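Residue numbers (the numbering used here), protein chains in the order written: chain V, 592 to 730; chain C, 592 to 730; chain B, 592 to 730; chain L, 592 to 730.
Note that these hints are calculated values from the structure, not bench results. Among the hints, a few may not be true.
[Stated by the list, open to error] Pairs of lysine to any residue residues, derived as SDA-like cross-links and limited to a Cα-Cα distance of at most 25 Å, are as follows:
#1 Lys695(V) with Val707(L)
#2 Lys695(B) with Leu725(V)
#3 Lys695(B) with Pro664(V)
#4 Lys610(V) with Lys610(C)
#5 Lys695(C) with Val667(L)
#6 Lys610(V) with Pro621(V)
#7 Lys610(L) with Asp632(L)
#8 Lys695(B) with Asp703(C)
#9 Lys610(L) with Arg677(B)
#10 Lys695(V) with His638(C)
#11 Lys695(C) with His638(B)
#12 Lys695(V) with Phe705(L)
#13 Lys695(V) with Thr696(B)
#14 Lys695(B) with Tyr692(V)
#15 Lys695(C) with Ala665(L)
#16 Lys695(V) with Ala693(B)
#17 Lys695(C) with Glu712(B)
#18 Lys695(V) with His638(L)
#19 Lys610(B) with Thr631(L)
#20 Lys610(L) with Gly710(L)
#21 Lys695(B) with Gly694(V)
#22 Lys695(L) with Pro678(V)
#23 Lys695(B) with Val667(V)
#24 Lys695(L) with Ala693(C)
#25 Lys610(B) with Arg683(L)
#26 Lys695(B) with Pro678(C)
[Unchecked claim] To list a few chain L residues with every Cβ distance to chain B over 12 Å, as calculated:
#27 Glu625
#28 Ile685
#29 Tyr692
#30 Val707
Predicted, not measured: the structure shown is a model, and the values here were computed from it. Every residue gets a Cβ at the ideal spot worked out from N, C-alpha and C, and that includes glycine.
Okay, here's what each chain looks like letter by letter:
4 protein chains.
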Amino acid sequence: MNRSLEDARRTLEAQPFSKLLGADLVSYSPEEIELHVPLTDQLKQQHGFAHGGVVSYAADNALTFAAGAVLGPAIVTSEYKINYVRPAIGERLIARASVVYAGKTQAVCRCDLFAVSDGQEVLCAVAQGTIAVLRSSIS
Amino acid sequence: MNRSLEDARRTLEAQPFSKLLGADLVSYSPEEIELHVPLTDQLKQQHGFAHGGVVSYAADNALTFAAGAVLGPAIVTSEYKINYVRPAIGERLIARASVVYAGKTQAVCRCDLFAVSDGQEVLCAVAQGTIAVLRSSIS
Amino acid sequence: MNRSLEDARRTLEAQPFSKLLGADLVSYSPEEIELHVPLTDQLKQQHGFAHGGVVSYAADNALTFAAGAVLGPAIVTSEYKINYVRPAIGERLIARASVVYAGKTQAVCRCDLFAVSDGQEVLCAVAQGTIAVLRSSIS
Amino acid sequence: MNRSLEDARRTLEAQPFSKLLGADLVSYSPEEIELHVPLTDQLKQQHGFAHGGVVSYAADNALTFAAGAVLGPAIVTSEYKINYVRPAIGERLIARASVVYAGKTQAVCRCDLFAVSDGQEVLCAVAQGTIAVLRSSIS
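Please work from the sequences and hints to get the whole structure.
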């Protein structure tokens, strides 16, 4: 619990899919975590925007890392919901997630996702979900 | 509307992110569409399962192609929700999606996601979401 | 677990809010449960349709009773999502829910909601959610 | 658009179900709306907490009134998701909702729900959803 940014980054680096997408954690605390994904061409869909699957990946992972900052690393994403509100256009995707509620067995988190274009952040999606402590880890 | 599997595959191939993940459409009709993703090592997380972001990608894209088989290609995913129920372990991820309701401006779809291991399908996630017709396309 | 329809009805009758709405369970099994709500005038909104809150109530309760048929009565609704697809017009609302996945600590369920008008059922909403076993009840 | 609290209250009063539950709007602006529901005995479930259906009602209606403060009254709730995080115990339920994104055809809103006991607010649920402009109203 309350692991460091370095610990969290090691977990992220141990995820081959996160490496494939080039994701990085730039801040990590019980209050908020921030995950970045560079919007390279291979992460796009047919209209040149970031694919919804990329935005979903960032939401899912940011929600889970936010929970991890409070619950520790032995967790699993149970479920989440995402609303896309604008196309994700730009050079980077930023996901900021925070814990709304944390109990012994699960946390509920929210995430705001922004596309950064020419340094300007534009909200492109919002998410909300549940992260559960792995049952074997519940004392 | 009621486009062919070939048309739908062309759309999928025009999505760089879908190509990166190796996704393929194997069936496509107004009743059900089926999307496959081979679970290569680079799509995994730190425990060797498919990353949640991969399962989310498949859910998002399958929901949208299911809607497209009824609404036509000028659509956008509005929102969806996903429940992960088991780790996605195996050689392939299969997403089967169908339309629950279709109106003039949107469709609501459901998706079941299965991991295939040694030929056995195991349910690993379920999703539900809304796909909207692009406003400029509504007559 | 595998309680009878009579047991489930007793639980429903012990819910003052369900009595206020006139809800009834008409079938109850691990495969599917069915909850009815008569669409009296006091359950409507300003346009004469059933209020979304009534449809939500039915979805929430049906999802939970479906889980209860598998997990037993010591459960709590964790979360759900609902898509309204048509106005709920008619004399009765029917919610049919079933378990998609059940583990030791939770179940994921789906629910279809129909408005019945002149004996015709029309789909008006679909829901999906998680029901958790109360922690003190997990052996 | 930007209707007054009085207009919004008239809409609420025109909803028989909202009257049945005793709901009241206590503030109403494009920034945030606040809906109250007194937790009378008839709104409870078998354990003496507010029934999930009551919390859902409040979330659904608060999300919709929040959208209405920006989109005007010709709207309909498309979908939402709710996470229950604590039992709703106390004398009153407060739902505070705000608009995260508003376009021409829809708005995405969030809602926090609190149970008030002895004057203390405790977060009991969080919700997120989509409210659509009625198609006939889109110019």
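Outcome of the hint check:
1. Lys695(V) with Val707(L): 23 Å, holds
2. Lys695(B) with Leu725(V): Judged against 25 Å, a Cα distance of about 12 Å means the pair holds.
3. Lys695(B) with Pro664(V): Answer holds: Lys695(B) to Pro664(V) is near 21 Å, not above 25 Å.
4. Lys610(V) with Lys610(C): 17 Å, holds
5. Lys695(C) with Val667(L): 15 Å, holds
6. Lys610(V) with Pro621(V): OK: Lys610(V) and Pro621(V) at ~24 Å, within 25 Å.
7. Lys610(L) with Asp632(L): 15 Å, holds
8. Lys695(B) with Asp703(C): Holds. Lys695(B) to Asp703(C) sits at ~21 Å (cutoff 25 Å).
9. Lys610(L) with Arg677(B): 23 Å, holds
10. Lys695(V) with His638(C): 23 Å, holds
11. Lys695(C) with His638(B): At roughly 22 Å apart (the allowed maximum being 25 Å), His638(B) and Lys695(C) satisfy the hint.
12. Lys695(V) with Phe705(L): Status holds; Cα separation ~20 Å.
13. Lys695(V) with Thr696(B): 14 Å, holds
14. Lys695(B) with Tyr692(V): Measuring from Cα to Cα gives roughly 23 Å; hence the hint holds.
15. Lys695(C) with Ala665(L): 18 Å, holds
16. Lys695(V) with Ala693(B): 21 Å, holds
17. Lys695(C) with Glu712(B): 21 Å, holds
18. Lys695(V) with His638(L): Given that 25 Å is the threshold and the Cα spacing comes to 22 Å, the pair holds.
19. Lys610(B) with Thr631(L): 14 Å, holds
20. Lys610(L) with Gly710(L): 24 Å, holds
21. Lys695(B) with Gly694(V): 19 Å, holds
22. Lys695(L) with Pro678(V): 15 Å, holds
23. Lys695(B) with Val667(V): 15 Å, holds
24. Lys695(L) with Ala693(C): 21 Å, holds
25. Lys610(B) with Arg683(L): Holds, at about 20 Å.
26. Lys695(B) with Pro678(C): Since the Cα atoms of Lys695(B) and Pro678(C) sit roughly 15 Å apart, the hinted pair holds (cutoff 25 Å).
27. Glu625: 17 Å, holds
28. Ile685: Consistent with the label, Ile685(L) stays out of reach of chain B, its closest Cβ about 16 Å off (over 12 Å).
29. Tyr692: 18 Å, holds
30. Val707: 18 Å, holds
Comparing the model with each earlier hint shows no violations; every hint is respected.
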